[in-house]
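Enquirer: The lines below spell out each chain.
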Amino acid sequence: MSSFSALVHNENIKIYSRIRTWIMLFLLVVLSILVPVLTYVTSEPQYRPTMWNSFQMTISVMFFLNTIFTVVIASDAVAGEFSWGTIKLLLIRPWSRSKILLSKYIAMVLFSILTTVLLAVCAFGASRILFSAEGTSMPIGGWSPEAYSLLDIGCRYIELFLTAAIAFMVSSVFRASGLAIGLSLFIMFAKDVFTAIFNPERYEWAKYLLFTHMDLSAYLVADKGPGGVTLGFSIAVLAVYYAVFLLLSWVVFSRRDVAG
Amino acid sequence: MTANIAVQEPVARLLGVTKQIGKKTLVSDLTLDIPAGQIFGFLGPNGAGKTTTIRMMVGLISISRGDIMIGGRSIRTNFEEAVAQVGAIVENPEMYKFLTGYQNLRQYARMVSGVTKQRIDEVIQLVGLNNRIHDKVKSYSLGMRQRLGVAQALLHRPKLLILDEPTNGLDPQGIRELRDYLRRLCRDEGTSVFVSSHLLSEMELMCDSVAVIQNGKLVDVRQLKSVGDAKAGPQSREILFEVNDPGAAQALIGGTVEAEGLVVRALRSDIPGLNERLIGGGIQVYGIKEVVVSLEDQFLKMTGGEGIE
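In order, the protein sequence lines correspond to chains P and B.
Going by the UniProt record's numbering, the first residue of the first sequence is number 1, and it counts up by one from there.
Going by the UniProt record's numbering, the first residue of the second sequence is number 1, and it counts up by one from there.
Only chain P is shown next, with the shape it has when bound in the complex (with noise of 0.2 Å):
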């Protein structure tokens, strides 16, 4: 039996053989070099952010791209073979179909783990050249600005990767991936709508909802999250979607019919 990093291997394949998703790359490289630039532009010098506000402010616009790219990739990577129709050569090698979802979960975050990479890199060195890192930039929250950055990018890479197993879930479960792109990106956009109207100060229920949570960045400069309630009961309710999202996904992709 081969080894179950093939499986990997060729997902990633599949992944980065397409000519769509280098071009996804490449946006996300130029445009978070793009955007450190045009603050350096339009800015009047005496005005000009530090080197750390530059990158953040970066960070938070480029993230929804990220987002966006690792979902249309999420959203593919089970429906795609269902409209290639390839899936009944792949599901009848001797591999069960637990290890050939699990693999293309895994490339999957391997791909959200490269363009955060990249874009992070590409973010800081645009605003490490362009920008000073002396100057008047607040701690926030007690963090420097170096750890902060650093934080806020997790807190990011988070609600992404809840995002993308949501997409990914969809992907699986009903096997169309514009489905799962719209109501992956839906949720993404709409996550702040949903905790202002259902806000758990309001109502008790509301703090088990997974949008009240997808934020963790509230905890960065708090003690205490919506609704009052601890970072620990943020990650429990996260951790639980997050695995009824992967369950979901394998009950349906390991027992499924291919037919038609």
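Any given hint could be a false lead.
Said to hold, decoys possible - Not the full set, but computed from the structure, chain B residues with beta-carbon under 8 Å of chain P:
| hint | residue |
| --- | --- |
| 1 | 55 |
| 2 | 83 |
| 3 | 84 |
Don't read these hints as lab results, they were simulated from the structure.
C-beta atoms are modelled at their ideal positions from N, C-alpha and C, and glycine is treated no differently.
Use these hints to put chain B onto chain P, whose structure you have.
Expert: Below, chain B alone, put in the same frame as chain P:
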């Protein structure tokens, strides 16, 4: 595997296989042994349950009742070991269009152990794709995709090759080539082939035996080659005489008058004598031929000429 394939166990066994979806029974209590070292045809009209059966054989869909054993391993309880002995194309051979033919084969080669670069080249040679293997699959014709499909199915030297309607969309040349390399495969590598089709004439040329399925039920299993063997013996058979006046001919030598001429039941050695009598009686004979009951006729008889229920 020994070279003596005649006495082998069946390569695959279908044991009371049933597939139900809701209230519909697509395949009903199908029991069938697929002999080793043969090209075995699986014949039936569209919608008879051929593809459903094949999908169950490779684990793409679940089996409602019964079991399928491949090389003695159950596809239900021992999927990985059972399916490792199978190479298959289910319906159209869809490949990753953005990869080259070669990259597609590498994908499948990585998923099993022991497929060397040399083996990949060997298989490419076998299906005759040498010149185009490094082109993207999106530029391939249907015939080339079919060949690539066969190539991916053969990579790991499966005991059983399952092909679902492999002649679909192939031109006569392609069909002939497919037939030739399936024969070669069966003879040289000892691979058993299970091939489904609704094209009767094709199956007649290609297969050693056929099973006929209709409305999800097995109708008949027969060996085509033994039918051929029987022809060699001194048996009487139906002979058609094409004549200008069948009525007059019937008066001379008996038989029955049919649309094409006079049909007489006779031994092969009697034909010249009968002919002489006809000519002596002033009958003009335009042709003499044996009436061969084709598989198609047999098939229509078996299935009662019915369509899908």
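Enquirer: Looking back at the numbered hints, which does the structure fail to meet, lowest number first?
Expert: none
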